[in-house]
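*Asks:* For reference, the chains in residue letters:
2 protein chains.
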Amino acid sequence: MSSAVTSAAPTKTLDLGPARALSCRECGHQIPLAAEFACPECFGPLEVAYDFAGVTRERIEAGPKSIWRYASLLPVPTNVTEHPNTEPGLTRLVRAEKLGKALGIKRLWLKDDTGNPTHSFKDRVVAVALAAARELGFTVLACPSTGNLANAVAAAAARAGWRSVVLIPKSLEQAKIQMTAVYGGTLIAVDGNYDDVNRLATELAAEEEDWAFVNVNVRPYYAEGSKTLGYEVAEQLGWRLPGQVVIPVASGSQLTKVDKAFGELGKLGLVEPTPYRVFGAQATGCSPVATAFAEGTDVVRPVRPDTIARSLAIGNPADGPYVLDTVRRTNGAVADVSDAEVVDAIQLLARTEGIFAETAGGVTVACARKLVESGQLDPDADTVLLITGDGLKTLDAVAGHVGPTATVSTSTAEVRRALSG
Amino acid sequence: MSSAVTSAAPTKTLDLGPARALSCRECGHQIPLAAEFACPECFGPLEVAYDFAGVTRERIEAGPKSIWRYASLLPVPTNVTEHPNTEPGLTRLVRAEKLGKALGIKRLWLKDDTGNPTHSFKDRVVAVALAAARELGFTVLACPSTGNLANAVAAAAARAGWRSVVLIPKSLEQAKIQMTAVYGGTLIAVDGNYDDVNRLATELAAEEEDWAFVNVNVRPYYAEGSKTLGYEVAEQLGWRLPGQVVIPVASGSQLTKVDKAFGELGKLGLVEPTPYRVFGAQATGCSPVATAFAEGTDVVRPVRPDTIARSLAIGNPADGPYVLDTVRRTNGAVADVSDAEVVDAIQLLARTEGIFAETAGGVTVACARKLVESGQLDPDADTVLLITGDGLKTLDAVAGHVGPTATVSTSTAEVRRALSG
Chain B
4 MSSAVTSAAP TKTLDLGPAR ALSCRECGHQ IPLAAEFACP ECFGPLEVAY DFAGVTRERI
64 EAGPKSIWRY ASLLPVPTNV TEHPNTEPGL TRLVRAEKLG KALGIKRLWL KDDTGNPTHS
124 FKDRVVAVAL AAARELGFTV LACPSTGNLA NAVAAAAARA GWRSVVLIPK SLEQAKIQMT
184 AVYGGTLIAV DGNYDDVNRL ATELAAEEED WAFVNVNVRP YYAEGSKTLG YEVAEQLGWR
244 LPGQVVIPVA SGSQLTKVDK AFGELGKLGL VEPTPYRVFG AQATGCSPVA TAFAEGTDVV
304 RPVRPDTIAR SLAIGNPADG PYVLDTVRRT NGAVADVSDA EVVDAIQLLA RTEGIFAETA
364 GGVTVACARK LVESGQLDPD ADTVLLITGD GLKTLDAVAG HVGPTATVST STAEVRRALS
424 G
Chain Z
4 MSSAVTSAAP TKTLDLGPAR ALSCRECGHQ IPLAAEFACP ECFGPLEVAY DFAGVTRERI
64 EAGPKSIWRY ASLLPVPTNV TEHPNTEPGL TRLVRAEKLG KALGIKRLWL KDDTGNPTHS
124 FKDRVVAVAL AAARELGFTV LACPSTGNLA NAVAAAAARA GWRSVVLIPK SLEQAKIQMT
184 AVYGGTLIAV DGNYDDVNRL ATELAAEEED WAFVNVNVRP YYAEGSKTLG YEVAEQLGWR
244 LPGQVVIPVA SGSQLTKVDK AFGELGKLGL VEPTPYRVFG AQATGCSPVA TAFAEGTDVV
304 RPVRPDTIAR SLAIGNPADG PYVLDTVRRT NGAVADVSDA EVVDAIQLLA RTEGIFAETA
364 GGVTVACARK LVESGQLDPD ADTVLLITGD GLKTLDAVAG HVGPTATVST STAEVRRALS
424 G
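Listed in order, the protein sequences are those of chains B and Z. Sequential numbering of the first sequence, starting at 4, is according to the working numbering. Sequential numbering of the second sequence, starting at 4, is according to the working numbering.
Just so you know, the hints here were simulated from the structure itself, not pulled from any lab data. Fair warning: there could be bad hints in the mix.
No copy labels: a pair is met if it fits in one copy or bridges any two.
[To be verified] Heads up, simulated EDC-like pairs for lysine to aspartate or glutamate below, C-alpha to C-alpha not over 20 Å straight-line: (1) K179 / D399; (2) K68 / E210; (3) K270 / D381; (4) K104 / E85; (5) K173 / E417.
Bound-form chain B, shown alone:
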């Protein structure tokens, strides 16, 4: 028994629902549930292992209209809905006939996560992290971030009545700073780039024992929140798995967790365990996983990001190797697209389906197009694209590309002239 097991031993009986242990993804070593993220044996990443019981479609459908309907599949306390949290999830799954036609995909759906409380999928992972962190004894919610995560952490902490500490590079856009600061937590601007901020967060996580850095020391719990995207897609399709799903890749965690969710649903008999293919989407300016996929290697070489898709700009993605495992195992692929293609795809999505996505959504749509053209995505299979964030947060991506059709004086004749011109 390693010393980590002893030090992590809970002083009370933890209620983290069906979660049973933390298990190393590399060596399989297991430790009791605790605020740990690295295997004491091999330093591999830890993830949550479960004993599921009594999970049925009927109980899920009778549950809250949020991710908490899946509480019996998440590492959260049984009484999770009794504490204030942000209740994200159960966002729209939209049948997208016009976009499907434009991309050459016959049956296409969009999972529109812009409807979450702070308008990105980060509300899902933060809500799960907050619920687990409360049970693990933390009292402060923290993160390093450049945008969506900062918004989600500050909002969830405010709602819960917790203190938040959010670390950002001081050069961040004013809009993102303001939307984080309005929630009233502690917002620390750091004179450095995101890598500096991230390193600082890791140091602080080791020093401040009351602070749950959602994406550092409680990352195993946090990451499980992305499973809810997979559960919702399956439930909203009428309790079945799609044939194909295209997912943006930043750290890669989301892609692996949607795959985990599909696998769990099949094993639990909640859906037929039909085959599905998982595809990853990256911006060419930060495409280490797509590069490794194309080269047929298992090694993801870090890159220095240079893309407008800043929410995906992680040059050294922690879950990159697991993304490669998943897409290869399911006969998928990882594609990448240029910033110009991203801007085009944001507009295509808005014009065909009325959904205004951030740059990550543009990456996903543009990669889907490319994967159809290359023959890797099957145009006849039921296909779902994950739209994980909101265009209002990355307005600069479309500025200069869209604007009024015409400017006229107050005359109906001028309006008609503008319309026919």
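Add chain Z to chain B, keeping to what the hints say.
*Replies:* This is chain Z only, laid out in the frame that chain B set:
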């Protein structure tokens, strides 16, 4: 029989669900369902009259997770879900204990309409307008707007595959212009103020027979979409009416329609018809209805708006007199608050409940506070505040008021110093 009845007679049998006729709010005269908005007898405003049948809680609960679960209570075709639309609604109703404590209200809930597709309640009214307009034979969706409505119309038309024509004052903020333009419809910037744009829209509505101006020639249908806010509040409270509701007042339509919804639910036996009180909220810089309420008159005198709450800045509110009727009948009131109070309230809401509202939400929260302090709002009654739009669209309201707590170098010691400072 007036000539309007003849000219409006449909050439086919219209399916607008339970809608039976258009009825004049002033004289009670009725005409067949058509694209009319003014009474042919007295020029009073027309609204939809219904014959409801077979509406039960069970059927509603088994319906779509959007406003279309209430299709049997709306003027939309029976097959409304078969055509692409934006599926707004069923947004969160959040129990707000911390904000309640701050305001002195024991049991408080927030209806958070920032979760709608374009992040305001306008998606509700536009979705209903689009569905009715399709049945009425229109092919173009249009509006004059300064913001939220422009976003909602352009997005819904894109999703439906319709052309949109949106008229805006050319001085509108770039963010609002871009978020409308990205959906790809026709966006006409007019060299004039909103009153000029509105007059131009009314002229065009009379000339262009294929254009459904959602808030002009199909306004009776459009306005009914706000009823869904009332239905959802009641369903989400467990099929009961709140004791009090506070609603922002622009044209005043939303307030009267929530009242209409509560009345319908009671008459249909879907809830106990318990007494409720309706309160209106305005910004002092545009408070013609609050002024009339305070003066005890029925006459709403137009004003020239001067407030940061631009989405409420209608100086001559069409439904002002009906707002006065409703609040007086239900023993409510109309309050108004300064722009400084609005900015404070936006921050209070964000800091207590993690919800970032636009200025209209700040008006509602600040008015609730004022109404408690004046003794008009009962601190012991179940109270609901409608949060109808998103803070990301009015970032300028909080700019200069919020920002980083501290700026530090990359040292944990400096972070700790900043935290203790």
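*Asks:* State the violated hints by number, sorted upward, taking the hints as numbered earlier in the document.
*Replies:* Checked against the structure, the hints that fail are numbers 2 and 3, while the rest are satisfied.
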